[in-house]
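> Residue-level listing of the chains:
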Amino acid sequence: MRKKSYRLDEKGLDALIAHLREQGYQVYGPKVEDAALHWRPITGCADLPRGWTQELAPGRARLEPDNSAALFHHWTCAEGLKAVLHLPLVRIMAARRDNGWFRILDNPPPAARCAFVGVRPCDLAALAVLDRVLLGDRYADDIYRARRQGAFLIAIHCQRSAPTCFCASMGSGPRARSGFDIALSEFAEGDAPEYFAEAGSPAGMDLLEACGAAPAPPDWSRAVEEGCARAAAAQTRRLDAHAAPQLIDALFDSPHWDHVAKRCLACGNCTSVCPTCFCVNYEDRTSIDGREAERWRLWDSCFTQSFTYIHGGSVRSSVKARYRHWLSHKLGRWQAQFGTPGCTGCGRCIVWCPVGIDITEEFRQLQLSAAAAASFATKD
Amino acid sequence: MSSNGTRPRIAVFKFASCDGCQLSLLDAEDELLAVAEAVEIAYFPEASRRMAKGPYDIALVEGSITTHHDAEAIQRIRRQAKTLVTIGACATAGGIQALRNWHDTAEWVRLVYAKPDFISTLKTSTPIAEHVPVDLELRGCPINKHQLIELISATLAGRKPNIPTYSLCLECKRRGNTCIMVAGGVPCLGPATQAGCGAICPSMNRGCYGCFGPMENSNAHSLASQFRVLGCARDEVERAFRSYNGWAWPFRRVFEEVPRS
Chain P
38 MRKKSYRLDE
48 KGLDALIAHL
58 REQGYQVYGP
68 KVEDAALHWR
78 PITGCADLPR
88 GWTQELAPGR
98 ARLEPDNSAA
108 LFHHWTCAEG
118 LKAVLHLPLV
128 RIMAARRDNG
138 WFRILDNPPP
148 AARCAFVGVR
158 PCDLAALAVL
168 DRVLLGDRYA
178 DDIYRARRQG
188 AFLIAIHCQR
198 SAPTCFCASM
208 GSGPRARSGF
218 DIALSEFAEG
228 DAPEYFAEAG
238 SPAGMDLLEA
248 CGAAPAPPDW
258 SRAVEEGCAR
268 AAAAQTRRLD
278 AHAAPQLIDA
288 LFDSPHWDHV
298 AKRCLACGNC
308 TSVCPTCFCV
318 NYEDRTSIDG
328 REAERWRLWD
338 SCFTQSFTYI
348 HGGSVRSSVK
358 ARYRHWLSHK
368 LGRWQAQFGT
378 PGCTGCGRCI
388 VWCPVGIDIT
398 EEFRQLQLSA
408 AAAASFATKD
Chain S
2 MSSNGTRPRI
12 AVFKFASCDG
22 CQLSLLDAED
32 ELLAVAEAVE
42 IAYFPEASRR
52 MAKGPYDIAL
62 VEGSITTHHD
72 AEAIQRIRRQ
82 AKTLVTIGAC
92 ATAGGIQALR
102 NWHDTAEWVR
112 LVYAKPDFIS
122 TLKTSTPIAE
132 HVPVDLELRG
142 CPINKHQLIE
152 LISATLAGRK
162 PNIPTYSLCL
172 ECKRRGNTCI
182 MVAGGVPCLG
192 PATQAGCGAI
202 CPSMNRGCYG
212 CFGPMENSNA
222 HSLASQFRVL
232 GCARDEVERA
242 FRSYNGWAWP
252 FRRVFEEVPR
262 S
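Line order of the protein sequences matches chains P and S. So the first sequence is residues 38 to 417, counted in my numbering. So the second sequence is residues 2 to 262, counted in my numbering.
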């Protein structure tokens with residue numbers, strides 16, 4: 038595909054959204070609701086969080102007023118795209134008993150053509166991870182596929198980093214490289230923001246052409262690269278995921294897990310906000326008269342007791358075992374299982390943990406304890 | 002239970018409580034007729050004059066044990082019940098009246114009643130499970146009527162009821178709520194509290210009151226420490242944990258250094 042880039046102003050972006058809506062897409066964007074940003078249906082730029090930025094820290098998220106005309110002076114929504122594409126609660130079967138017959142009722146998957154405006158590079162990377170997990174094997178997830186396949190993705194490169202971001206060390210940002218239909222960069226120095234728009238797919242290019250977008254000035258591309266490089270350099274958190282697979286097995290008995298378990302609430306907020314945590318549970322529901330039955334699928338978490346319940350009890354009965362499992366899988370074993378780490382460096386688990394447990398800090402401590410153990414062994 | 006064609010016999014008993022939990026059954030207006038058809042309501046003084054003798058297939062027990070009479074009655078009820086289900090914070094944790102457990106009950110009786118001589122009471126308010134084995138707990142102050150209906154439906158279908166014991170946060174997040182603790186600095190008991198209410202309070206921008214009591218592996222101590230970080234005074238933290246489910250050990254132990262007896 039020809040690589041082509043365009044220049045858009047806010048009207049152009051509005052036209053893009055309007056075109057998508059005319060094509061039957063439900064367009065989602067970051068929207069202010071209940072003192073946070075959430076993926077919600079939008080109808081135009083007016084719904085985007087102009088005048089807001091975020092203050093993000095371990096266990097703390099605030100919306101802060103921002104004296105700028107920018108629409109994207111924020112970072113991540115409270116949840117990943119999985120909230121829309123890998124639904125938290127979905128009915129997967131319905132049946133009725135009638136005159137001795139047991140009928141399976143029609144239960145179409147909740148398909149929808151979803152378009153997203155303002156997808157951060159870490160969340161694009163998370164979609165690639167979810168695609169591998171849910172669609173990459175012989176048995177694929179039809180419900181996810183029905184929503185994911187038709188999804189139209191308008192990304193936004195990050196030219197600033199939040200204190201909780203560590204995508205640079207995970208190789209998933211701050212600049213999106215692939216997986217989008219259109220990628221935007223925002224220039225908001227003046228009163229009216231302007232956008233550098235790169236087409237990432239034929240559909241993206243068609244849409245930009247249809248909206249009459251002008252070609253981008255030649256120096257914009259370099260300005261974006263520089264902005265993203267600055268954002269990467271500004272990140273203070275980092276995580277060495279390449280070291281994780283070897284480290285994880287060696288650290289099974291590390292005393293540091295006890296240290297985390299003292300703070301960990303096992304509440305499952307981290308897995309709920311993680312854009313790649315995909316685990317679900319199933320629930321059967323029946324009516325009192327016994328005529329109707331339904332099976333529902335709902336987000337689960339490896340932090341629950343029931344997650345590892347087998348005959349006789351739970352395999353991971355302690356909070357320590359659950360945190361160890363989560364971190365070990367997310368950073369280490371995921372790589373053996375699916376080829377990449379399960380973490381994209383979005384920082385949500387750090388922000389939305391009620392007690393502010395920081396995965397990068399826990400991993401660093403684990404690395405230190407491993408190094409200390411190694412040096413102790415050498416001295417012997 | 003219904004496999005032999007007979008309807009399961011249900012009985013509802015009350016100890017020290019406000020009646021709110023058993024009212025949840027009458028409050029289930031859409032399902033009430035179906036329930037009455039599917040089960041035999043054998044003993045439910047709040048709803049019917051009919052008081053059929055046991056044994057019962059399911060005994061729903063509301064309220065906490067606060068008198069000698071209670072302590073004896075619950076033994077008789079247990080003998081009459083194939084399955085004993087406690088309903089509500091009083092029955093599962095001792096209720097708000099368990100606040101007396103930290104104080105001198107006799108002194109309170111003298112302060113409150115004009116003729117204290119008429120009052121015969123135990124020093125403590127204790128959950129049913131401290132007296133007899135309990136098969137299942139429905140938590141809450143009051144219980145969630147959908148959980149009660151789920152218990153009955155599951156029993157009739159011969160399946161395990163879907164009564165989660167994990168944190169309220171999972172339910173709250175599935176609803177797509179903003180976490181009010183992280184985004185608003187509001188002390189919320191959700192991360193230490195059992196799910197099941199549908200995250201009512203956080204959905205209305207209020208911190209969870211913990212009326213469903215401690216979740217499995219509840220780490221109330223860590224949550225209490227975080228409340229202090231959010232700026233709560235020590236007595237505020239103590240009041241947050243010492244309410245409807247204050248006597249439940251995972252909440253109680255935050256402020257008690259003594260090991261569990």
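Keep in mind that the hints are not guaranteed to be accurate.
To give an idea of the interface, some chain S residues facing chain P are shown, with a C-beta separation under 7 Å as derived from the structure [as the list claims (entries may be wrong)]:
#	residue
1	ASN163
2	PRO192
3	ASN220
Simulated from the structure, these hints should not be mistaken for laboratory data. For glycine and all other residues, C-beta sits at the position ideal for the given N, C-alpha and C.
> Would you mind marking each hint as holding or not holding in the structure?
Checked hints:
no., hint, in the structure
1, ASN163, "holds (5 Å)"
2, PRO192, "holds (4 Å)"
3, ASN220, "holds (5 Å)"
In this structure, none of the earlier numbered hints is contradicted; all agree with it.
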